[in-house]
Amino acid sequence: AQSVTQPDIHITVSEGASLELRCNYSYGATPYLFWYVQSPGQGLQLLLKYFSGDTLVQGIKGFEAEFKRSQSSFNLRKPSVHWSDAAEYFCAVGPSNDYKLSFGAGTTVTVRA
Amino acid sequence: DVKVTQSSRYLVKRTGEKVFLECVQDMDHENMFWYRQDPGLGLRLIYFSYDVKMKEKGDIPEGYSVSREKKERFSLILESASTNQTSMYLCASREPALNTEAFFGQGTRLTVV
Chain A
1 AQSVTQPDIH ITVSEGASLE LRCNYSYGAT PYLFWYVQSP GQGLQLLLKY
51 FSGDTLVQGI KGFEAEFKRS QSSFNLRKPS VHWSDAAEYF CAVGPSNDYK
101 LSFGAGTTVT VRA
Chain B
1001 DVKVTQSSRY LVKRTGEKVF LECVQDMDHE NMFWYRQDPG LGLRLIYFSY
1051 DVKMKEKGDI PEGYSVSREK KERFSLILES ASTNQTSMYL CASREPALNT
1101 EAFFGQGTRL TVV
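Sequences listed follow chains A and B, in order.
Each residue of the first sequence is one higher than the last, beginning at 1 in our numbering.
Each residue of the second sequence is one higher than the last, beginning at 1001 in our numbering.
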């Protein structure tokens, strides 16, 4: 069965510093990969997605993610965080033969001034 | 823009009550989902529907049922609410194409007392 692991439950970062959120997946074939963000009390908003091609993908709000097949990873990065980036971030995996998405446990990001 | 609307943001119900959570999407998507979100567990799939009157159990279907009588509407039913069903419930929809993302509603925070 496929699984998604986000090793970091909580990350605190200073405003203006860089941010990297880790995501590892377990699946037989290359799946479709997503990062979502959830602000407090809100639903999930898509940040970016990877299906094929260039392994470095750009998303909204200045985020990017890199797919590394050899490491089964899809880490999310932002060069300089803003206070508004404080939220919960979810990595999701969609298999190549199913519409159902599997989600990681999430990483909560706190931004300090 | 795709809009997924959940009928209630907050609900408080009593143990043993039958509870209906409603979700409507406006983009004619075939696929609709109900997820449950709990701290530290991420999103877990309760049920999936891939067409009107068609449904498939997710990872945690026990204690829940669903109804999809119209394409745009997907209802989650708690037959007899219990305190361990206190949670955030998220509805999503997705096109019938694997290289697309899921769109989420704002969520319903259900408290069972």
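Since the hints were made in silico from the structure, they are not lab data.
No residue lacks a Cβ here, since even glycine has one placed at the ideal position from N, Cα and C.
There may be inaccurate statements among the hints.
Straight-line distance between alpha carbons at most 27 angstroms, and here's what the computed DSS-like set of lysine-lysine pairs gives [said to hold, decoys possible]:
1) B:Lys1071 / A:Lys100
2) A:Lys61 / B:Lys1071
3) B:Lys1071 / A:Lys49
Just so you have them, the derived chain B footprint on chain A, three or more residues with Cβ under 8 angstroms [unchecked claim]:
4) 14-21
5) 29-42
6) 99-112
In silico negatives: residues of chain B with every beta carbon more than 12 angstroms from chain A [stated by the list, open to error]:
7) Val1004
8) Lys1013
9) Thr1015
10) Val1019
11) Asp1028
12) Gln1037
13) Leu1043
14) Arg1073
15) Leu1078
16) Thr1083
17) Asn1084
18) Gln1085
19) Ala1092
20) Thr1100
21) Glu1101
Here's how the hints hold up against the structure:
1. As the CA atoms of lysine 1071 (chain B) and lysine 100 (chain A) are separated by approximately 18 angstroms, the hinted pair is consistent with the 27 angstroms bound.
2. Between lysine 61 (chain A) and lysine 1071 (chain B), the direct Cα distance comes to roughly 33 angstroms. Violation of the 27 angstroms bound is thereby established for this hinted pair.
3. Pair hint lysine 1071 (chain B) plus lysine 49 (chain A) holds up; C-alpha atoms about 26 angstroms apart against a cutoff of 27 angstroms.
4. Counting residues of the region 14-21 of chain A whose C-beta sits closer than 8 angstroms to any C-beta of chain B gives 0, which falls short of three, so the coverage hint is violated.
5. Restraint check on the region 29-42 of chain A versus chain B: 5 residues with Cβ-Cβ distances below 8 angstroms, three needed, restraint holds.
6. Coverage of the region 99-112 of chain A by chain B holds [criterion: at least 3 residues with CB-CB distance below 8 angstroms; count 8].
7. At roughly 8 angstroms, the least C-beta separation between valine 1004 (chain B) and chain A is not larger than 12 angstroms, which violates its mark as non-interface.
8. With a closest Cβ-Cβ approach of about 20 angstroms to chain A, lysine 1013 (chain B) is found to remain outside the 12 angstroms limit, as its non-interface label requires.
9. Distance check on threonine 1015 (chain B): its Cβ is at least 25 angstroms (rounded) from any Cβ of chain A, clearing the 12 angstroms threshold; non-interface status holds.
10. At roughly 20 angstroms from the closest C-beta of chain A, the C-beta of valine 1019 (chain B) stays outside 12 angstroms, upholding its exclusion from the interface.
11. Once the 12 angstroms rule is applied to beta carbons, aspartate 1028 (chain B) is consistent with being away from chain A; the minimum gap is 15 angstroms.
12. For glutamine 1037 (chain B), the requirement that its beta carbon stay farther than 12 angstroms from each beta carbon of chain A is not met, with the minimum near 8 angstroms.
13. Not every beta carbon of chain A lies more than 12 angstroms from that of leucine 1043 (chain B), the smallest distance being close to 4 angstroms; the non-interface claim is violated.
14. No beta-carbon of chain A comes within 12 angstroms of the beta-carbon of arginine 1073 (chain B); the shortest separation is about 17 angstroms.
15. Here leucine 1078 (chain B) stays apart from chain A, with its beta-carbon at least about 20 angstroms from theirs, past the 12 angstroms limit.
16. Here threonine 1083 (chain B) stays apart from chain A, with its beta-carbon at least about 22 angstroms from theirs, past the 12 angstroms limit.
17. Interface exclusion of asparagine 1084 (chain B) from chain A stands, the closest Cβ pair being 19 angstroms apart, more than 12 angstroms.
18. The claim that glutamine 1085 (chain B) lies off the interface holds: its Cβ sits roughly 19 angstroms from the closest Cβ of chain A, which is beyond the 12 angstroms cut-off.
19. The Cβ of alanine 1092 (chain B) sits about 8 angstroms from the closest Cβ of chain A, inside the 12 angstroms cut-off, so the non-interface label is violated.
20. For threonine 1100 (chain B), the shortest C-beta to C-beta distance to chain A comes to about 8 angstroms, within the 12 angstroms cut-off, and the non-interface label is violated.
21. Its closest Cβ contact with chain A, about 5 angstroms, brings glutamate 1101 (chain B) to no more than 12 angstroms, contrary to its assignment away from the interface.
When held up to the earlier numbered hints, the structure conflicts with 2, 4, 7, 12, 13, 19, 20 and 21 and fits the remainder.
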